[in-house]
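Chains A, B and C, in that order, give the protein sequences.
With our numbering applied, the first sequence covers 1 to 252.
With our numbering applied, the second sequence covers 1 to 208.
With our numbering applied, the third sequence covers 1 to 194.
Hints were generated in silico from the structure; no laboratory data involved.
The structure presented is a predicted model; accordingly, all values stated were derived computationally and were not measured.
Do not rely on the hints blindly, as some may be mistaken.
Said to hold, decoys possible - Straight line, CA to CA, 25 Å or less: simulated PhoX-like cross-link-like pairs of lysine-lysine:
{"no.": "1", "chain 1": "A", "residue 1": "251", "chain 2": "A", "residue 2": "93"}
{"no.": "2", "chain 1": "A", "residue 1": "168", "chain 2": "B", "residue 2": "197"}
{"no.": "3", "chain 1": "C", "residue 1": "170", "chain 2": "C", "residue 2": "10"}
{"no.": "4", "chain 1": "A", "residue 1": "236", "chain 2": "A", "residue 2": "251"}
{"no.": "5", "chain 1": "B", "residue 1": "121", "chain 2": "A", "residue 2": "168"}
{"no.": "6", "chain 1": "A", "residue 1": "78", "chain 2": "A", "residue 2": "250"}
{"no.": "7", "chain 1": "C", "residue 1": "170", "chain 2": "C", "residue 2": "180"}
{"no.": "8", "chain 1": "B", "residue 1": "77", "chain 2": "B", "residue 2": "137"}
{"no.": "9", "chain 1": "C", "residue 1": "29", "chain 2": "C", "residue 2": "186"}
{"no.": "10", "chain 1": "B", "residue 1": "17", "chain 2": "B", "residue 2": "200"}
{"no.": "11", "chain 1": "B", "residue 1": "137", "chain 2": "A", "residue 2": "251"}
{"no.": "12", "chain 1": "A", "residue 1": "250", "chain 2": "B", "residue 2": "137"}
As the list claims (entries may be wrong) - Every beta carbon over 10 Å from chain B, so not counted as near; a handful from chain C, in silico:
{"no.": "13", "residue": "55"}
{"no.": "14", "residue": "88"}
{"no.": "15", "residue": "125"}
{"no.": "16", "residue": "127"}
What the hints assert, rightly or not - Chain B stretches covered by chain A per the calculated footprint, using a threshold of three residues with CB under 8 Å from any CB of chain A:
{"no.": "17", "segment": "59-65"}
{"no.": "18", "segment": "106-112"}
Every residue gets a Cβ at the ideal spot worked out from N, C-alpha and C, and that includes glycine.
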Amino acid sequence: MPDGSFSHPQQRQFNPYSDNGGTILAIAGADFTVIAGDTRQSEGYSIQTRYAPKVFRLTDRAVLAVNGFAADGNMFVKKVKQRLEWYRHAHAKDMPLRAIARLIQTMLYAQRFFPYYVYNILGGIEEDGSGAVYSFDPVGSYEREACRAAGAAQSLVQPFLDNQIYFKNQAAAPNQSHPAHLPLPDVLSIVIDSFTSATERHIEVGDGLEIYVVLAKGRSAQGLEGARGIQELSTKSDGDRVFVIRRELKKD
Amino acid sequence: MSIMQYNGGSVIAMVGKDCVAIASDLRLGSQAMGISSHFEKIFPMTDRVYVGLPGLATDVTTLHHQFRYRLNMYTIKEEREIEPETFAHLVSSTLYEKRFGPYFIEPVIAGLQKTASGDFKPYIAATDLIGCLNFAKDFVVAGTASDKLFGVAEGLWEPDLEPEDLFETIAQTLLNAVDRDAYSGWGAVVYVLTKDKVIKRELKGRMD
Amino acid sequence: MDVSFAITGKGYVIVAADTTAARSIVKMKTDEDKIKVLSPHLLMAYSGEPGDTVQFAEFVERNIRLYHIRNPHGLRPQSAASWIRRTLADSLRSRRPYSVNLLLGGYDTSEHAPHLYWMDYLGTMVEVPFAAHGYGAYFALGLLDRYHDPEGSLEDGLATLRRCIDEVAKRLVVAPGQYKVKVVDKDGVREIAL
Chain A
1 MPDGSFSHPQ
11 QRQFNPYSDN
21 GGTILAIAGA
31 DFTVIAGDTR
41 QSEGYSIQTR
51 YAPKVFRLTD
61 RAVLAVNGFA
71 ADGNMFVKKV
81 KQRLEWYRHA
91 HAKDMPLRAI
101 ARLIQTMLYA
111 QRFFPYYVYN
121 ILGGIEEDGS
131 GAVYSFDPVG
141 SYEREACRAA
151 GAAQSLVQPF
161 LDNQIYFKNQ
171 AAAPNQSHPA
181 HLPLPDVLSI
191 VIDSFTSATE
201 RHIEVGDGLE
211 IYVVLAKGRS
221 AQGLEGARGI
231 QELSTKSDGD
241 RVFVIRRELK
251 KD
Chain B
1 MSIMQYNGGS
11 VIAMVGKDCV
21 AIASDLRLGS
31 QAMGISSHFE
41 KIFPMTDRVY
51 VGLPGLATDV
61 TTLHHQFRYR
71 LNMYTIKEER
81 EIEPETFAHL
91 VSSTLYEKRF
101 GPYFIEPVIA
111 GLQKTASGDF
121 KPYIAATDLI
131 GCLNFAKDFV
141 VAGTASDKLF
151 GVAEGLWEPD
161 LEPEDLFETI
171 AQTLLNAVDR
181 DAYSGWGAVV
191 YVLTKDKVIK
201 RELKGRMD
Chain C
1 MDVSFAITGK
11 GYVIVAADTT
21 AARSIVKMKT
31 DEDKIKVLSP
41 HLLMAYSGEP
51 GDTVQFAEFV
61 ERNIRLYHIR
71 NPHGLRPQSA
81 ASWIRRTLAD
91 SLRSRRPYSV
101 NLLLGGYDTS
111 EHAPHLYWMD
121 YLGTMVEVPF
131 AAHGYGAYFA
141 LGLLDRYHDP
151 EGSLEDGLAT
161 LRRCIDEVAK
171 RLVVAPGQYK
181 VKVVDKDGVR
191 EIAL
């Protein structure tokens with residue numbers, strides 16, 4: 001009322017969350033892992049930026065992809081990195097992948113009643129040298145898998161991965177079985193195809209693609225050296241190694 | 001829960017080289033409960049025009065009968081079989097007639113169109129529930145698994161597939177898409193239309 | 001809420017429905033027959049909104065009878081089912097739709113085969129080997145998936161029906177006390193005491 005009185009009950013609501021679109025994806029190989037995400041950040045029909053990374057190198061053997069509410073995602077990655085640094089100072093080594101996965105669970109569940117509105121996918125190399133993917137829900141339920149897609153185009157990409165990675169609905173040739181892990185070039189092709197497909201049919205996916213590749217210690221970079229726009233991010237050359245491949249996606 | 005998801009079900013159609021394919025799942029549900037695994041949603045209108053009707057099951061039957069009736073009237077009047085494009089417009093106007101109290105169906109049309117030179121050109125189209133036509137050069141999808149179908153089809157489809165390759169492509173697309181959809185699945189059926197024959201295959205799929 | 005089941009077997013359809021007529025929490029009647037005999041070879045179990053059910057069932061009954069009088073042959077199960085479905089589908093988009101769910105079991109004397117149709121108030125119709133409506137469906141469909149035999153004898157069919165009824169009695173809080181069971185086969189319709 002103009003006189004400052006209230007003749008009707010008034011309600012106000014602050015919504016602390018928003019959805020910033022985008023999609024992330026990770027696939028584990030026998031001795032490598034590929035973690036990828038597009039770089040578009042949007043809110044509703046507006047694009048906020050065409051380059052906002054969703055995939056982050058944590059250590060030389062761990063990469064974290066974060067998708068959902070970007071502010072929460074960035075804060076969460078910052079806090080995970082901080083915890084990993086403390087671990088390094090205390091133990092003089094990098095935290096193992098399975099320990100990072102458990103750490104992420106505890107950090108997410110600590111916010112059970114005001115969650116980080118993000119879906120996390122952690123990829124990297126286990127201590128036994130195998131490629132691994134861990135996927136999380138916003139409150140910390142997690143699972144180790146061979147592949148996982150999350151985000152806006154999860155429903156477009158995941159069934160494609162079921163078919164191409166797990167060979168679902170495909171019968172193996174007589175007296176043969178499907179491979180448990182695909183070679184790196186095949187995985188890279190599938191990742192690129194997944195993102196070009198998602199870009200084609202989903203408005204919140206596009207602009208740029210960042211593909212992180214983590215190689216197990218001692219594995220040659222064979223199959224990678226030919227890749228266009230590749231860059232090495234690892235700090236040592238005699239341990240597990242991290243690379244990133246940057247590609248353009250359609251911007252419409 | 002939307003009316004469009006009450007019974008579940010999905011349909012997809014794809015273009016190949018001088019051939020088209022249309023496929024659907026076989027589930028009929030009542031919300032989460034499965035009622036039948038033999039509920040067909042694709043109907044032949046002529047030898048070269050097929051229509052898929054995903055959506056509310058009562059309207060699947062009603063529209064199938066409605067289309068059959070209108071098609072018979074057309075065939076008698078014109079003394080010739082209907083062409084796919086003409087049929088697509090018949091579907092569109094039938095749905096738009098009920099603009100403000102629609103049938104809850106999103107039809108998919110697949111057929112082979114006769115050209116001036118006498119051979120056949122693949123034709124596919126889909127409409128929304130009030131009859132807005134969508135022609136596509138590659139593939140069209142509809143139903144409760146439509147987003148999944150889009151994703152897989154976009155990854156698997158390529159131009160100029162021969163009938164057998166087109167069959168494999170559409171079958172894999174459908175099967176993998178409905179396996180990620182709780183409201184679709186329970187078996188599937190695929191039709192491949194070529195200039196001299198129609199192949200119908202029933203597929204086994206996950207029953208969960 | 002009413003419970004009804006139907007099972008096909010070798011040359012027959014069994015249709016069963018509970019016999020309770022309830023208003024709110026009160027049982028008004030425990031011997032209500034909710035299975036109409038539409039013709040010498042056609043049974044219809046109905047359930048749904050009280051009032052609509054009997055009204056609609058009698059409407060169907062009289063129209064099927066009228067067809068019988070007007071024509072040398074009665075309607076076959078497929079045709080009767082189709083007509084009933086259409087009536088429900090038209091009703092759905094009318095000013096006051098009927099809320100009636102049906103199980104239609106019949107024996108086709110021309111092709112010597114049993115037919116069973118599951119139908120709901122929307123006009124959804126599908127031919128099935130077995131069916132159920134009401135809360136009983138949540139318990140029975142799983143059992144029927146496991147134990148139904150399309151080539152089973154009448155005794156097999158009744159044993160499977162017994163399983164369904166027993167499971168509902170054991171697990172459903174508001175389980176009905178009694179059921180009426182009717183069978184249709186080449187010899188026509190008859191009632192069976194379980």
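Check your understanding: Which numbered hints turn out to be false for this structure?
Key -> Going through the list in order, the structure violates hints 1, 2, 3, 4, 5, 6, 8, 9, 14, 15, 16, 17 and 18 and respects the others.
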